[in-house]
Amino acid sequence: MIRAFFLGLSSQVREGGGWISGRGEESMNMIVCVKRVPDTAESEVHIDASGRDIDKSRLSFGINECDNYAVEEAIQIKEKLGGKVTVISLGGKENDEVIRMALAKGGDDAIRLDDPAFAGSDGFAVAKALAAAIKDLEYDIVFTGALADDDGYAVVPVALAELLGVPHATYVKDLEILEDGKKARVGRELEGGLMEYLEIELPCVLGIQTGINEPRYASFKGIKQAAKKEIVVKSAADLGLDPSEVGEAGSWAVLEKFSVPEVGEMAEILEGDPEETAAKLAQILKEKGLI
Amino acid sequence: MSTEEISFIEKYDLLGCIQCGRCTGGCPVSMRTNLNVRRFMYDTQNEERLEELSERPEIWDCTTCYTCAARCPKGLEPLEVLIGLRSLQIEEGRVQPTVRDALESIFKDGNPWGSPRAKRLDWIGDLDVKVLEPEAEETTDVLLFVCCTDAYDPRVMKVAQSLVKVFQAAGVDFGIIGEDESCCGSEVRRLGEEGLFEMCDEENVELLNSFNVNRVVTISPHCYNTLKKEYHGLRHPVLHYTELVAQLLEDGKLTLSKEINKVVTYHDPCFLGKQNSIYDEPRYIITRIPGVEFREFDRCRERSLCCEGGGGKMWVESESKAERLAEIRVTDAKDMGAEVIAVACPFCLLTLEDATKVRGIEEEMRVADILELLAEAL
Chain W
1 MIRAFFLGLS SQVREGGGWI SGRGEESMNM IVCVKRVPDT AESEVHIDAS
51 GRDIDKSRLS FGINECDNYA VEEAIQIKEK LGGKVTVISL GGKENDEVIR
101 MALAKGGDDA IRLDDPAFAG SDGFAVAKAL AAAIKDLEYD IVFTGALADD
151 DGYAVVPVAL AELLGVPHAT YVKDLEILED GKKARVGREL EGGLMEYLEI
201 ELPCVLGIQT GINEPRYASF KGIKQAAKKE IVVKSAADLG LDPSEVGEAG
251 SWAVLEKFSV PEVGEMAEIL EGDPEETAAK LAQILKEKGL I
Chain A
1 MSTEEISFIE KYDLLGCIQC GRCTGGCPVS MRTNLNVRRF MYDTQNEERL
51 EELSERPEIW DCTTCYTCAA RCPKGLEPLE VLIGLRSLQI EEGRVQPTVR
101 DALESIFKDG NPWGSPRAKR LDWIGDLDVK VLEPEAEETT DVLLFVCCTD
151 AYDPRVMKVA QSLVKVFQAA GVDFGIIGED ESCCGSEVRR LGEEGLFEMC
201 DEENVELLNS FNVNRVVTIS PHCYNTLKKE YHGLRHPVLH YTELVAQLLE
251 DGKLTLSKEI NKVVTYHDPC FLGKQNSIYD EPRYIITRIP GVEFREFDRC
301 RERSLCCEGG GGKMWVESES KAERLAEIRV TDAKDMGAEV IAVACPFCLL
351 TLEDATKVRG IEEEMRVADI LELLAEAL
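Note that the protein sequences, when read in sequence, are chains W and A. Position one of the first sequence corresponds to residue 1 (our numbering), numbered consecutively onward. Position one of the second sequence corresponds to residue 1 (our numbering), numbered consecutively onward.
Read the hints as simulated data drawn from the structure, not as lab findings. Just so it is clear, the structure is predicted and the values come from calculations on it, not from any experiment. We put the CB at the ideal spot given by N, CA and C, even for glycine. Any given hint could turn out to be false.
Stated by the list, open to error - Which stretches of chain A does chain W cover? Using the computed rule of at least three CB atoms under 8 Å from a CB of chain W, they are:
no.	stretch
1	80-94
2	98-105
3	136-145
4	337-351
Given these sequences and hints, build the entire structure.
Put into structure tokens, the structure is as follows:
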């Protein structure tokens, strides 16, 4: 059941792209993209007056769950092989708390992409902004979460890799750096709990799935100390992006409206032991001509 | 790491230890785990060993019940050394995921139970409870500090609901903070998260001081201990509910008319008894309930057996598979013919009630907070 792929990309693919890691030793330069999302698991969610967003006034916010595992993975690799971890997030100043937690855990540098022009970005437009910020950085691996808790698009890692011209793997739940940091062996979680193992050339983009590791705790003191580290803020212009390329204007998907699924009227609860309910169900399906 | 900066020896006065062994001799968890606190008092004098010692799993077995400190002839607090070692692990981010999640939840939502602030008042249901306004002109007598466990835990919220009924029956003028109430941080400090505890201290003191009230009453002895003894600059006096209710009964403001014809014993919570010497008020209240036949545990008051719910243990699973202290406790209660174990702490309530289920005696042995019994006797 386990297949092995070799997604080797020839060097010319990368020529027009970013800096190519040329060190002999295994030290890794890594970038982790993190998103700040509302915590909706335990809360009631209501659509706001605009109909295009949810009312977030009473929600608490934190790092996107997959991204938290991505941060941990990067830091564990840094601890094992040496290197540097740069944290990038797109959003306003409120994102600094999420960034600082990642810095407290062992991140070195941070960049926040902040511009009113980014408002309404879909996954593709977010990837464009991230790619613009990443392309001139030194990197072996760009980590993102496999998908976001809020919109669940799962687009960013794939689009980002395409824009950077590097290979990617998503739903990564196992990772091992091979051969002096030139390749990695990644395990992808597939449907039905299958794992697919691939060898991937670096640099690459990896969309991390939860469960790949056990994220550490960022102590309060650590977060406070991390506040001393600079978070470089970049606008669309700083990234060389025209406002038409990002935000709603630069998006392929535009969110039109949210709606709550309508509650149906017919619901019949079958009672009895499993044998009886199964027989009743079969009869109903037969009567309706469905089987 | 501040713990190392001040030096362990100075911070905990380790050279004052005479290795008499009274701490280990009294330690309730030493019965069921490898924890040997006397050994830690000795070994932590070697600063080079601190990191290695902080990695020992048994430092997380301590329930911070305070027996070791209460028994120390030199006035030292051996439990604090274990908390200090925990803080070294916290600084490194190396804690059990359950501890991490509880601490992150406090940082984010002000409670350790992973629930949003928006649900903090769900326990009130149909009850009519006043939510206080900061800087109000009119003075309210009592600010009720509800506690996260009473607010969010479906079992324990019945205790808070009972308290409202009791206070209303006695005509107490009281109010609550509302959704802005945050964790007191008692367990935060005991899990070794010093920085987060400082935040709890600062923010809660500022918040509590903003209310025009005569006094603060807590439901949990853990909140009580922290507000009363560990906060800096709180201007209101702090009472545990047993203190206020005993007074209400004595003053004739609270009358109990219904009988509870049961044999009731009382389990002293460590944070109320050993740590704050409140032994008489709970017993006074229980014995005022009509019909109650009160029986004491053999191990009661200062010698009361810890239930293992404190010291952050609600979020730490011990490696030991030996019988839990709470199981010993409920068996003792059964053997002495008790039908109800009365408690005055949310953690004791949960640990002892769980133990009755583990022992399969939940039908014959009821665990109830004193407030629940009072509400039934109104």
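Comparing the hints with the structure gives:
Requiring three or more residues with a Cβ within less than 8 Å of a Cβ of chain W, the coverage given for the stretch 80-94 of chain A holds, as 5 such residues are present. For the stretch 98-105 of chain A, the stated coverage by chain W is satisfied: 4 residues place a CB nearer than 8 Å to a CB of that chain, which reaches the threshold of 3. Here the stretch 136-145 of chain A counts 0 residues with a CB under 8 Å from a CB of chain W, which misses the bar of 3, and the coverage is violated. Counting residues of the stretch 337-351 of chain A whose beta carbon lies closer than 8 Å to any beta carbon of chain W gives 0, which falls below the threshold of three, so the coverage claim is violated.
Checked against the numbered hints above, the structure violates hints 3 and 4; every other hint is satisfied.
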